[in-house]
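Asker: Sequence:
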Amino acid sequence: LCKRTMEEIAEERLGGIAQPKELRITLNDKFVFPYYLCDECEDFLRAAIPQVLVAEGLIKFDDEKDKYVLPPLEKLTQMVNEYRQALEWLLTLLERIVKILESLTTVDEKAMQATVEGIKELMAKMLEIRGEK
Numbered sequence: 001l002c003k004r005t006m007e008e009i010a011e012e013r014l015g016g017i018a019q020p021k022e023l024r025i026t027l028n029d030k031f032v033f034p035y036y037l038c039d040e041c042e043d044f045l046r047a048a049i050p051q052v053l054v055a056e057g058l059i060k061f062d063d064e065k066d067k068y069v070l071p072p073l074e075k076l077t078q079m080v081n082e083y084r085q086a087l088e089w090l091l092t093l094l095e096r097i098v099k100i101l102e103s104l105t106t107v108d109e110k111a112m113q114a115t116v117e118g119i120k121e122l123m124a125k126m127l128e129i130r131g132e133k
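Numbering-wise (the UniProt record's numbering), the sequence shown opens with residue 1 and increments by one.
Calculated from the structure, these hints are not laboratory results. Please note: incorrect hints may appear among the correct ones.
Claimed, not checked - With a Cα cut of at most 25 Å, we get these calculated DSS-like pairs of lysine-lysine: (1) Lys65 with Lys75; (2) Lys75 with Lys60; (3) Lys75 with Lys125; (4) Lys99 with Lys110; (5) Lys120 with Lys99; (6) Lys99 with Lys125; (7) Lys110 with Lys120; (8) Lys125 with Lys110.
What the hints assert, rightly or not - Label-pair ranges, simulated between beta-carbon atoms: (9) Ala47 with Pro72: 21 to 29 Å; (10) Phe44 with Leu76: 41 to 49 Å; (11) Leu53 with Leu122: 23 to 31 Å; (12) Pro72 with Ala48: 22 to 30 Å; (13) Ile119 with Val80: 22 to 30 Å; (14) Leu101 with Ala47: 42 to 50 Å.
For each residue, glycine too, the CB sits at the ideal point set by N, CA and C.
All chains should be modelled from the sequences, with the hints used to inform the complete structure.
Answerer: The following block contains the structure:
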């Protein structure tokens, strides 16, 4: 984003009289993201942030209300729980890989095969999480 200082941005706006605009992005009138931006960065963020969040399934645009809204709480809770389970699984697998690697003093074919199998297991789980069984 913008590398200019707030003073430089203020100078652009009415010769330094106006303060930089504070960009406020709200979701369901709760989440606020304040940031001081120049005009170009403000326009970019206002367009890009909602598109990214919609693409990730974190928000949707409600045509009737003409604003972005969060999915139902149940859906958010489910998403958080799925990510939490995946993280726990990944941490367990990584701990096993670390133990195997730490046990290697010389190239041990059996240990290396176990590492490869663990990595393949990790990849399979990641694909499952993404819905690509």
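Asker: Okay, which hints does this one fail, numbers in order?
Answerer: Going through the list in order, the structure violates hint 10 alone and respects the others.
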